[in-house]
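The hints should help you fit chain B with the ligand onto chain A, whose structure is shown.
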Amino acid sequence: MFERTEDQQAMVAMVRDFAGGAISPHSAYWDETKHFPVDVLREAGTLGMGGIYVSEEYGGSGLTRTDAVLIFEELAKADPTIAAYISIHNMVVWMIDAFGNAVQRANWVPQLASMEALGSYCLTEPGAGSDAAALSTQAVRDGDDYVLNGTKQFISGAGAAGFYLVMARTADTGSHGITAIVVPANLQGLSFGPNEKKMGWNAQPTRQVIFEDVRVPVANRLGAEGSGFGIAMKGLNGGRINIAACSLGGGQAALDKSIAYLKERTAFGGTLISKQALLFEIADMDTELETARTLVLRAAEALDRGAADTVRLCAMAKRVATDAGFNVANKALQLHGGYGYLAEYGLEKIVRDLRVHQILEGSNEIMRLIVGRLAVED
Amino acid sequence: MKIVVLVKQVPDTAEERKLDLTTGLLDRDAGDSVVDEINERALEVALRVKDANKSTEVVVMTMGPDGATQALRKALSMGADSGVHILDDSLAGADTKRTAAALAAGLKVTGFDIVLAGNESTDGRGGVVPAMVAEHLALPLLGSLVSAEITEGAVRGVRQGEGGTLNVHAALPAIVTVTESSAEARFPNFKGILTAKRKPVTTLSVADLGSADLGSAELGGAGLTGFGPGADARVGSTVIVSTTERTARAAGRKIVDDGTAATELAEFLVANRLV
Ligand SMILES: Cc1cc2nc3c(=O)[nH]c(=O)nc-3n(C[C@H](O)[C@H](O)[C@H](O)COP(=O)(O)OP(=O)(O)OC[C@H]3O[C@@H](n4cnc5c(N)ncnc54)[C@H](O)[C@@H]3O)c2cc1C
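Read top to bottom, the protein sequences are chains A and B. Each step along the first sequence adds one to the number in the numbering used here, with nothing skipped, and position 117 is 117. Each step along the second sequence adds one to the number in the numbering used here, with nothing skipped, and position 5 is 1005.
So here's chain A without its partners, still in its complex pose (with noise of 0.2 Å):
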């Protein structure tokens, strides 16, 4: 389980050769200028990154999640902003793949894999955040429609995305009554709030999706009606140890950099690193990263082997590596002293991008009511 594959060592490879040419050098200004590198994102979809655990069948790289979150885990060396955005993108192209029916599946899986055209996932609103089932976005039956009324609130990638994979009220049953409904962006009365302005995750949009008066062809419902939330959280298992791999990815950069900087800087009549202090902070940093990873792998390991505690699993990974990236990512800035405050040093945005996955995709507090509700349950 812990040993990587030749294969996997492949593939990580490749990603960091990708990665360094595409991403990395231009992450900072992505960063300061709020660019979203859809071009470098098609440039992902052509490698296998738009599916990376989506089936073969309609495009797919058919890898296990085990892949997927080392493939995250590189990626987010790079720049977990954009390793992050084609998680939740996988995410979408995961669900739609999954629960699709063959003419869906053939009609957007391929385009979407290829990342030709890109995914939101399109839960939260307004007024429902980490209490998911209480949304209130309308899907109305209108003869072989749905009209869509309401607003998404956060949602990544919205205004860049070709399709928006919408959770929405189809009958006031609680979370019984919620569908998964495929938007194309092009269809009249959708339209977008402004880009947010935000602390860290600039390479990507995140707006409000607004619905007004939109028809959508029950054609494009995933599943029953009705069946939307159990949709909406088992691709959230995925999303969550992903964003967890992510964290470990801005994390290891993070410590990384750290040892290179401590080895390098003196002080005091000798290098940092010299300060048994100081080196104690670097094994937390690393046995931090290290157990947090290896809680991420075990949760892979489960979600791929469909095992009965994988949504327990997937939460508890969620919250120890989201906390541990960004406890490490906080520490090395510490660490580089004056310089990991200025952004020249790639510290601040580390710590920045860092700090919202342990707000989303469930926030960690409810991975903690997640976790203690199996414990306790009878």
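Simulated from the structure, these hints should not be mistaken for lab results. Just so you know, not all the hints are guaranteed correct.
With a Cα cut of at most 25 Å, we get these calculated DMTMM-like pairs of lysine to aspartate or glutamate [unchecked claim]:
1) K257/A x E281/A
2) K1191/B x D286/A
3) K1050/B x E43/A
4) K1050/B x E281/A
5) K198/A x E225/A
Covered stretches of chain B, going by a simulated chain A footprint (3 or more residues, C-beta under 8 Å) [as the list claims (entries may be wrong)]:
6) 1183-1189
7) 1192-1200
C-beta atoms are modelled at their ideal positions from N, C-alpha and C, and glycine is treated no differently.
Just chain B with the ligand, lined up with the frame of chain A:
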């Protein structure tokens, strides 16, 4: 159309590269081995022909130790159809001349319409093997091209020199080498990586190379990767007399600006013939 691309496994230029001082041979354990980037560019030329015409067959050929299969796998993951590995203990430490003889013999076994290679490897940098191969096979060499267009029966390309640009062409079969200015190689995609293992790799020993006279000292001649004092004299005709380690870099001189720094800098540059 059958295109054979010659590939060489070389030490990663991103890492420290070392010679074993007792044998004069490359220390393969000192760092990671990778496919020479220049060969990846040659492969890219071949793969573009295949992109346009799926019936094109792209074969990658290497001569090297056991581990060189990794270089073949990488090339296969990028899109080549099959690999040929010339592998024989008696070839260990072979120099450029002997390598060329072995590759030429291998090419006769596999057959080809055109052979592509890099103009020079990033480790030995001899830059002579493709020309020697062409000589063995009595075929035209179109060397150091920045671009090449391969059609049924012919190849045309551009060679850029300091003095000007040459448009060259030849009827096939021919040997072509490309420079670092030729198109950048693609990355293998995930599917390519997974299917590379299932693609055939043929191993050819010296015996399989048939009539080629590879064992005689006459065909030898040690290049940079050739053998040293400790190696078997049978493998080449050139002998490396000695190998020494590069002297460690000393710290440079720091000029503190007390108002005369500019003058001092200028003097330094002049004294060292840097301007
Ligand atoms: C940059 C960014 C990108 C995003 N991208 C997407 C996207 O693409 N698609 C999408 O659907 N959503 C997206 N989100 C939304 C994200 O998933 C939500 O912000 C998150 O689920 C939290 O919801 P909320 O913001 O409404 O906070 P609230 O639910 O209001 O929570 C506020 C606080 O209370 C805590 N809390 C809430 N309930 C409980 C409880 N029962 N017990 C203990 N603590 C609790 C929360 O953990 C949090 O700390 C994104 C958010 C951001 C910031």
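Okay, the hints, checked on the actual structure:
Pair hint K257/A plus E281/A holds up; C-alpha atoms about 14 Å apart against a cutoff of 25 Å. For the proposed pair K1191/B and D286/A, the alpha carbon gap of about 33 Å is over 25 Å, so the pair is violated. About 20 Å separates the Cα atoms of K1050/B and E43/A, which keeps this hinted pair within 25 Å; it holds. Taken as a hint, the K1050/B and E281/A pair is broken in the structure, with Cα atoms around 53 Å apart against an allowance of 25 Å.
Annotation: proposed proximity of K198/A to E225/A is violated, straight-line Cα distance about 35 Å (limit 25 Å). A count of 3 residues in the stretch 1183-1189 of chain B with a Cβ less than 8 Å from any Cβ of chain A is obtained; the coverage claim is therefore met, three being the minimum. Here the stretch 1192-1200 of chain B counts 4 residues with a CB under 8 Å from a CB of chain A, which clears the bar of 3, and the coverage holds.
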